[in-house]
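Using the sequences plus the hints, can you model the full thing?
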Amino acid sequence: MSARPETPASPAKNFKIKPPQPGQPVYGCEHLQRLFNQDQMTTNTSIQHYKAILRAIFDQSPLISQTSKTIDGQIVTSLTPTYLCLQCPSISSEEDRTKHGNKKSHRFYVDSRSGALYCQMCDDMVWDPTIEDLRIKKMGNGTFTSTRKRKHDELFSPDPVKDSPQYISLNTTVASCKASGLRGIYNAGATCYQNVVLQSFLHNPILRNFYLSDGHSTCDTQHCLSCAMEDMFQDFYGTENSNGYTAANILSGFWISEKKAFENLVTTKEQDAHEFFQFLAEELHERNGDGKRPEIGSEHSCNCIIHQTFYGKLQSTTTCQNCNAVTNQVQSFLDLSLPLENLTQKKGKKSGQKPPSMTLQECLDEEYIKSDKCEYRCNNCNSMQQARRQTAIKRLPNVVSIQLKRFEFKQGRNERAAKIDTPVHFPLQLNMLPYTNRGREAGAKDNFELARSCTFDLMSVVEHVGEIDTGHYVSYCRVGDQWFTFNDHKVELAQKSDVLGARAYLLFYIVRSLS
Amino acid sequence: MSSDPNTTTTGKAGVIVASPDADSMDKLAHSVLDDLLYNIVHDLLIKVHRDEKMARATTAAIKVEKLAADTLESSTPDGKPDVRVETDAAIYEDGKVLLRGNPLKTTKEILCPKCHLPRLLYPTDGKGARKPDPGVIYCKKHPFIDKPGYDIYGQTWVAPGPGRGKKKKDMEKKLDPNDPSSPAAVDGGSAKDRPPNVLSFPSATCSKCKRCILVTRLNNHMGSCIGNSGRNASRAAAQKISNGGSNGGSQNNDNTPPGSQKGTPLPGSRAASPRKRDAEELFDEDAAEESDPSNPKKKKVKPNALTKKVILKTKAPVKKEKVRASSLLNVEQKVGDDEPGKSSTVQVAPKKSTPKGPSPAKKVSKVNLNAKPPLQAAAPKKIKRDRDMESESSGTLSSPPQ
Numbered sequence: 001m002s003a004r005p006e007t008p009a010s011p012a013k014n015f016k017i018k019p020p021q022p023g024q025p026v027y028g029c030e031h032l033q034r035l036f037n038q039d040q041m042t043t044n045t046s047i048q049h050y051k052a053i054l055r056a057i058f059d060q061s062p063l064i065s066q067t068s069k070t071i072d073g074q075i076v077t078s079l080t081p082t083y084l085c086l087q088c089p090s091i092s093s094e095e096d097r098t099k100h101g102n103k104k105s106h107r108f109y110v111d112s113r114s115g116a117l118y119c120q121m122c123d124d125m126v127w128d129p130t131i132e133d134l135r136i137k138k139m140g141n142g143t144f145t146s147t148r149k150r151k152h153d154e155l156f157s158p159d160p161v162k163d164s165p166q167y168i169s170l171n172t173t174v175a176s177c178k179a180s181g182l183r184g185i186y187n188a189g190a191t192c193y194q195n196v197v198l199q200s201f202l203h204n205p206i207l208r209n210f211y212l213s214d215g216h217s218t219c220d221t222q223h224c225l226s227c228a229m230e231d232m233f234q235d236f237y238g239t240e241n242s243n244g245y246t247a248a249n250i251l252s253g254f255w256i257s258e259k260k261a262f263e264n265l266v267t268t269k270e271q272d273a274h275e276f277f278q279f280l281a282e283e284l285h286e287r288n289g290d291g292k293r294p295e296i297g298s299e300h301s302c303n304c305i306i307h308q309t310f311y312g313k314l315q316s317t318t319t320c321q322n323c324n325a326v327t328n329q330v331q332s333f334l335d336l337s338l339p340l341e342n343l344t345q346k347k348g349k350k351s352g353q354k355p356p357s358m359t360l361q362e363c364l365d366e367e368y369i370k371s372d373k374c375e376y377r378c379n380n381c382n383s384m385q386q387a388r389r390q391t392a393i394k395r396l397p398n399v400v401s402i403q404l405k406r407f408e409f410k411q412g413r414n415e416r417a418a419k420i421d422t423p424v425h426f427p428l429q430l431n432m433l434p435y436t437n438r439g440r441e442a443g444a445k446d447n448f449e450l451a452r453s454c455t456f457d458l459m460s461v462v463e464h465v466g467e468i469d470t471g472h473y474v475s476y477c478r479v480g481d482q483w484f485t486f487n488d489h490k491v492e493l494a495q496k497s498d499v500l501g502a503r504a505y506l507l508f509y510i511v512r513s514l515s
Numbered sequence: 001m002s003s004d005p006n007t008t009t010t011g012k013a014g015v016i017v018a019s020p021d022a023d024s025m026d027k028l029a030h031s032v033l034d035d036l037l038y039n040i041v042h043d044l045l046i047k048v049h050r051d052e053k054m055a056r057a058t059t060a061a062i063k064v065e066k067l068a069a070d071t072l073e074s075s076t077p078d079g080k081p082d083v084r085v086e087t088d089a090a091i092y093e094d095g096k097v098l099l100r101g102n103p104l105k106t107t108k109e110i111l112c113p114k115c116h117l118p119r120l121l122y123p124t125d126g127k128g129a130r131k132p133d134p135g136v137i138y139c140k141k142h143p144f145i146d147k148p149g150y151d152i153y154g155q156t157w158v159a160p161g162p163g164r165g166k167k168k169k170d171m172e173k174k175l176d177p178n179d180p181s182s183p184a185a186v187d188g189g190s191a192k193d194r195p196p197n198v199l200s201f202p203s204a205t206c207s208k209c210k211r212c213i214l215v216t217r218l219n220n221h222m223g224s225c226i227g228n229s230g231r232n233a234s235r236a237a238a239q240k241i242s243n244g245g246s247n248g249g250s251q252n253n254d255n256t257p258p259g260s261q262k263g264t265p266l267p268g269s270r271a272a273s274p275r276k277r278d279a280e281e282l283f284d285e286d287a288a289e290e291s292d293p294s295n296p297k298k299k300k301v302k303p304n305a306l307t308k309k310v311i312l313k314t315k316a317p318v319k320k321e322k323v324r325a326s327s328l329l330n331v332e333q334k335v336g337d338d339e340p341g342k343s344s345t346v347q348v349a350p351k352k353s354t355p356k357g358p359s360p361a362k363k364v365s366k367v368n369l370n371a372k373p374p375l376q377a378a379a380p381k382k383i384k385r386d387r388d389m390e391s392e393s394s395g396t397l398s399s400p401p402q
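Chains as they are written, first to last, in full-length UniProt numbering: chain A, 1 to 515; chain B, 1 to 402.
Source of the hints: derived by calculation from the structure; they are not laboratory data. Built from N, CA and C at the ideal position, the CB exists for glycine as well. The reader is advised that the hints may include incorrect statements.
To be verified - Across the chosen pairs, the derived CB separations fall in these ranges:
1. 121(B) / 208(A): 22 to 32 Å
2. 423(A) / 19(B): 44 to 54 Å
3. 24(B) / 208(A): 52 to 62 Å
4. 139(A) / 32(B): 43 to 53 Å
5. 70(B) / 70(A): 46 to 56 Å
6. 121(B) / 77(A): 37 to 47 Å
7. 121(B) / 423(A): 30 to 40 Å
8. 497(A) / 32(B): 16 to 26 Å
What the hints assert, rightly or not - Restricting the straight-line Cα-Cα distance to at most 25 Å, the calculated cross-link-like pairs of lysine to any residue (SDA-like) are:
9. 140(B) / 176(A)
10. 105(B) / 405(A)
11. 178(A) / 212(A)
12. 53(B) / 503(A)
13. 47(B) / 395(A)
14. 405(A) / 324(A)
15. 69(A) / 59(A)
As structure tokens, then:
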């Protein structure tokens, strides 16, 4: 099968292999070294071909790369990985790979699931720095060059002076290998609701890079919460200490802060982690942003770190049922709040007495795919009319924070707030495309690049255990591929099953290309 | 499928096998599931393989580079880096590192790319633990420990008292400074008997009053030290009322250190119309508080007076609390006398009277805590900055006010 796209007509550009770096071999193996050292033409064609293969794997229907041709001409599509020859357009199964190699003396193949390179002479996967760079770029951005402007590109705009190794080694101290950022935070007396949010901030790579690269500087404000955050980041990632951290400055900044909206939060009692998250986000925005107060609901946007990390935009479309006039309203959002109660009741009715359980995707469907009826004043008809309202995400943030509204004010039961304990299954990997405006457009489903840019990985989970009025918060955060449980000052290893089994209250998903 | 589903009963992994006499749909389902399983294992393996092989390749490169640097140094001090050095795993040539063979076979250990020390490959304790070679200096990044009751560094903490984060009542009991089982009391003298991996709860400096507070009480402390809302507002107000009331005659000396107020007996006239009095005082206090931010000096007077107290007499905070407790007690008992129906206030009274019992123990712990400040060098720099900034004012204020 040669369904792979034709390689573009020979560009004038010569491909270079990655320059040697200290502490890293230049080539993945001796055989690849020989291939790249033959002549420039071979290098060019190999790399071009590799790029074409990656495009075939990641940008097109998997049907193409998963379909191979056996030696005797039989065409087979398989679920298991196939191997795409680097030197010719053939695709073979694992069994036929050796035969193809012997016949044509083509020795390099690309694994159709991961895009990784296989060397037949090593009989092993090979991780070549040049090839790996291409692969990781492709998997992240979907392009080989970072020409596409996403908002997070601005975060990492290279500064030629500051990025030179000499400048870095002169002006920085190397953090100890022990400083991993994995530390607990002591509970200062019913402050676990703060600790869980702080932990999820600490293990957010965007915020970490911001604070560790001196993103918040030149600050004279007394009791600045952002300075306190910076101190905390420095302490977590710069010192060898493995004991818990005492977030005294954050706590005092929190006490001193005079935010009217969060006045009720500042007590010695147990509080809502979500409210603290909102408080922290707004406070840090004010310290780092344009100084304007963020109003949830307005179309306000700003370039501060918090906005670049958490804020996205929602668009609600209201269609008048009388004259079909459409009004669009755009709002910025810090998090997506998903009510559980309605869906729980619906499910409970359907499945009878069984304790209902649902998925995060069902909750998102309910809010951002289905439309609801409402009354509104139509400008066209000049009267109150029935309307259909539908909300979708216009711009996805880099970190999607989701609150599952587990604390609901129930009218019937003594007018008290109650906790909904319904388990909500959430995925490690979340596709947000169906909830966006673009996801509605025709052909979006077949656009693999778009789908990849809307793929989010679970980053941290905040769980509340206990009753509505008293309980404890625990959080789970992912560092690399390993999950950890953060219970105040105590950090333990966690299994993925522990994480996924948690009755999550807050969920933080980070866009794939950044994680 | 890589092969005809009618003839095979399984997929590529060969784990999920249909019975040979199953119908073709059944066989197909089995082989699809089996293939998916294969894919999961494949992806996992690729990931692990990548990490491991790249770590070994890096190790090989580090080793050969080090060797090259050594030979350079020993042979020609000003020599160009055109030496050629070989190890079993790699070649160093023209400033480039070239691999020899498969690093998974040629290289056995993993060096940290940062500090170039060997990585410890097994945890030292808990699940999968192995004894590390005592003769080797390992990179400080150790595999995390998976052991029940211990954290990832193999640390554990002294029992923090009952019901950590379980019941509100327990939480309050734990935070109650008078509870003998609270960490403050436990901390007492056992610090030396503990193994090094058993940690105790540290203390932190309040950024406002610079007192050293046990971390578990920090929030409560800040509530009373900084806080001006919520439950503590009333408490603070009540305290101020009782203090203010005791100073009734002299309105002008706001600066009276709380310690000197304790001696002043409560005027009997206060009980006559407590409500009215309270309302008035409360209003006054509110007004005073509102004007506070505009008058920072006034705001600072109190905390600094406190700090001074702490330095001079470590007992001061304890006494102050006692005063407050007893004064509250008085008021509340009187209220209780007036309104026998109010049982809640009566219940409070016995709880408040407990401090007399365990207070010596508490004093000891207080002294211990106050002896710590020299060790506070690890405190975040921000605090230091604040302290520096305020040192001027505290210098002037620590001189006798009269």
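Cross-check of the supplied hints:
no., hint, result
1, 121(B) / 208(A): 22 to 32 Å, "holds, 27 Å"
2, 423(A) / 19(B): 44 to 54 Å, "violated, 35 Å"
3, 24(B) / 208(A): 52 to 62 Å, "holds, 54 Å"
4, 139(A) / 32(B): 43 to 53 Å, "violated, 26 Å"
5, 70(B) / 70(A): 46 to 56 Å, "holds, 53 Å"
6, 121(B) / 77(A): 37 to 47 Å, "holds, 41 Å"
7, 121(B) / 423(A): 30 to 40 Å, "holds, 38 Å"
8, 497(A) / 32(B): 16 to 26 Å, "holds, 24 Å"
9, 140(B) / 176(A), "holds, 8 Å"
10, 105(B) / 405(A), "violated, 53 Å"
11, 178(A) / 212(A), "holds, 16 Å"
12, 53(B) / 503(A), "violated, 38 Å"
13, 47(B) / 395(A), "violated, 32 Å"
14, 405(A) / 324(A), "violated, 33 Å"
15, 69(A) / 59(A), "holds, 21 Å"
Of the numbered hints listed earlier, those contradicted by the structure are 2, 4, 10, 12, 13, 14.
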